[in-house]
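Student: Read off the chains here:
There are 2 protein chains.
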Amino acid sequence: MKYKIMRGVFCVFSIWVWSSSSNSIPCEHTISQRKKGIDFIFHLKIYIDQIPRQDCLKLLESKACLLPKLKSIWKKRASNMTTKKKTCQLPHNKSPLLLQLNPVYKKVPVLIHNQRPVCESKIIIEYIDESWKDKSPLLPSDPYLRSQARFWADYTDKIYEFGIKLNMSSKGEEMEKVSQELLGCLKVLEGELDNEKPFFMGEIFGHVDIAFVAYYHHFYTYEILGNFSLKNDCPKLFAWASRCIQRESVSKTLADPNMLYEATIVFRKSLNLED
Amino acid sequence: MKYKIMRGVFCVFSIWVWSSSSNSIPCEHTISQRKKGIDFIFHLKIYIDQIPRQDCLKLLESKACLLPKLKSIWKKRASNMTTKKKTCQLPHNKSPLLLQLNPVYKKVPVLIHNQRPVCESKIIIEYIDESWKDKSPLLPSDPYLRSQARFWADYTDKIYEFGIKLNMSSKGEEMEKVSQELLGCLKVLEGELDNEKPFFMGEIFGHVDIAFVAYYHHFYTYEILGNFSLKNDCPKLFAWASRCIQRESVSKTLADPNMLYEATIVFRKSLNLED
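So the sequence lines, in the order shown, correspond to chains A and B.
Residues in the first sequence are numbered from 1 upward in steps of one, following my numbering.
Residues in the second sequence are numbered from 1001 upward in steps of one, following my numbering.
These are computed hints drawn from the structure, not numbers from a lab.
Cβ atoms here follow ideal geometry from the backbone N, Cα and C, with glycine treated the same way.
It cannot be assumed that every hint is accurate.
Stated by the list, open to error - Some, not all, of what chain B presents toward chain A, calculated at C-beta under 8 Å: (1) V1104; (2) E1126; (3) Y1127; (4) S1131; (5) P1143; (6) Y1144; (7) R1150; (8) F1151.
Bound-form chain A, shown alone (with noise of 0.2 Å):
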C-alpha cells in the first residue's frame, strides 16, 4: 500500500492519502475526548483500502502521538487538581485545514472524496456505504434490515456513554450500580447476536459491526472497573468480538488493551478517583 503522511503547520492532524492496492491498512491509533463515536475512525480504514483507485480519497483525524503521550500529560495535570470537579483537557490545536473542512463542529474524523469533505463518523460510514455499495456493502440492501442495521449502531454509543460513566465513578455503590446499567446494555446487544450468523447483521462485517467493536478494546478496562466477565456474562457477544478481532483489519487498528487501562487508571488517580 502506498500511503503519504503530511504534516500540517500545528503539527496535530495528519492525512493519509492511500490507494486501494494492498490488503494492509496503516495502523494509527486516535484518541480524543471531544466526541462520542470518535473511535469509528478506527474501521473507517478496515474499509477505505476497498475503494476504487482512481477516486482520491484523504482522512483527516487526530494525530498517532496522544496516547503515548496521554499518561504523561495526566500526570502532569493530575498534580494541578485538588477536587474532582475540575476535569482533564486534552490539548488540541485545530489545524486550518480542520477548520476550512469543518467549519461547524471543527472536528475530526473528515473524510475527504474528490476534493470534497464528509464530516461526523455515521455519516462517513452512510457516505462509503452508499459511495461504494457494490464492492463494499455496510449496510443491508433492504429498507427495514437497514433501518434495524441504524437503529442498533446507535445503541452502541451507550456502551461508549456507560464506559465513560465507569471510568468517572467512585468505587463502591456508585461503580456497582454504573456497572450493572453497563453490563445490562451489553446483555441488550448479546440478545441480538444469532448464533447461526458471524455478524450483527448476518454474513457481512457491516455497519453495527464496525460501530461496536470499535470499542472492543476498552472492554478489559470496564471487566476489571466493573467486576465483570464478558466471556462468562455475555458469552455470544464474547465469541462475536473474538471473531472480530480475527480480521487483520480490526486487530491492526485497535489500541493495546492494556495501554488504554493503564491511562484510565492515571485519568482515575488525578480525579482523586483511584489511592
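Here the structure of chain A is known, so what remains is to put chain B in place on it, guided by the hints.
Tutor: Same frame as chain A, but now just chain B:
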C-alpha cells in the same frame, strides 16, 4: 382520508391507520419532554399519505390530549416545587403495544409498516425515503448530497438543545448568553440557505426541512425569551419558514405558538424563573 383511531387500555397512545387516498392529514400534536427530535413526528405524516394504498402503515405516538393538559399539569406540580433543582415530569404510561414494539427505548414514535416496527425519528425518515423513494424522496439521490442532508438534519438538534436551555435559563446574563448561542446556530443554518432555492437541499422539501421546521412553533417563545427577531436577524430563515408553513401539511401539524409560549411561561414559573 379514511382513518381509524384505536385506543389502548392505558389510553395514552393512539394508532393512526390511514390510506393514501387524500392530501389532507389528521392533525394530532405530540408533546414529549423525553427525547430530543421527537418533533419529527409532526412531519412524518406529511409524507405518509403518499405511501401506496396496499401497504399497511401505522404510527404509534403520544396522545394528542397532552398539549391542552400541559398547563394544568404544570400548575398543579408547581405548587409542590420549592427549588430550581426539581424538574417537571409529564406523567406517562407505556402501552403494552409500545413495550412490545420498542422494548429497548420504550419510546414513541414507532412506525409500523406491514407489521414490522421502525423506531427512532431519523431512522424512520431514512426508512420512508428508502422504501418509497420513487413516490416520496426525502433525501437527494447523490451520496454526497445525502451526507450533507444528514449533516444538517443532525445539526438542527442544536436548535432544540439551546431552545430547552433558553426555556430553563434565569433572566439576565444566563439567558442572554444562551440566546446568543441559539442565534449563532440559527445563523449557521441561515448561511446554508440558498437564495435561489426554496428549501435546504434545493427544490424539494426534504429531510433537513422536516427536521428543522418541526421546531418552528417554538420560535415565537425563543424570540420573546431570547429578545431577538428571526425576521430581522435571519431573514433567509424567516423566508424559508414562511414558505414551509404555506404547505397545508406543515401548517396543520404545527402546534399553536401562543399556546406553547403560555405553557413555557407556566413551566418557567414552576421553576421560579418567572414572577
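Student: Are Y1144(B) and chain A close enough, Cβ to Cβ, to be under 8 Å, as the hint says?
Tutor: holds (6 Å)
Student: Let me know if the C-beta of F1151(B) comes in closer than 8 Å to any C-beta of chain A, holds or violated.
Tutor: holds (6 Å)
Student: Could you check if V1104(B) really has its C-beta closer than 8 Å to a C-beta on chain A?
Tutor: holds (6 Å)
Student: Does Y1127(B) pass the interface check with chain A, least Cβ-Cβ distance below 8 Å?
Tutor: Y1127(B) check passes; min Cβ-Cβ to chain A is 5 Å, inside 8 Å.
Student: Holds or violated: P1143(B) as interface residue toward chain A, Cβ cutoff 8 Å?
Tutor: Holds, about 4 Å.
Student: Double-check S1131(B) for me: the hint is only fine if its C-beta lies closer than 8 Å to a C-beta in chain A.
Tutor: At 5 Å from the nearest chain A Cβ, S1131(B) passes the 8 Å test, so the hint holds.
Student: Going by Cβ atoms only, is E1126(B) closer than 8 Å to chain A?
Tutor: At 7 Å from the nearest chain A Cβ, E1126(B) passes the 8 Å test, so the hint holds.
Student: Does R1150(B) hold up as a contact with chain A if the rule is Cβ-Cβ below 8 Å?
Tutor: holds (5 Å)
In summary, this structure violates none of the numbered hints.
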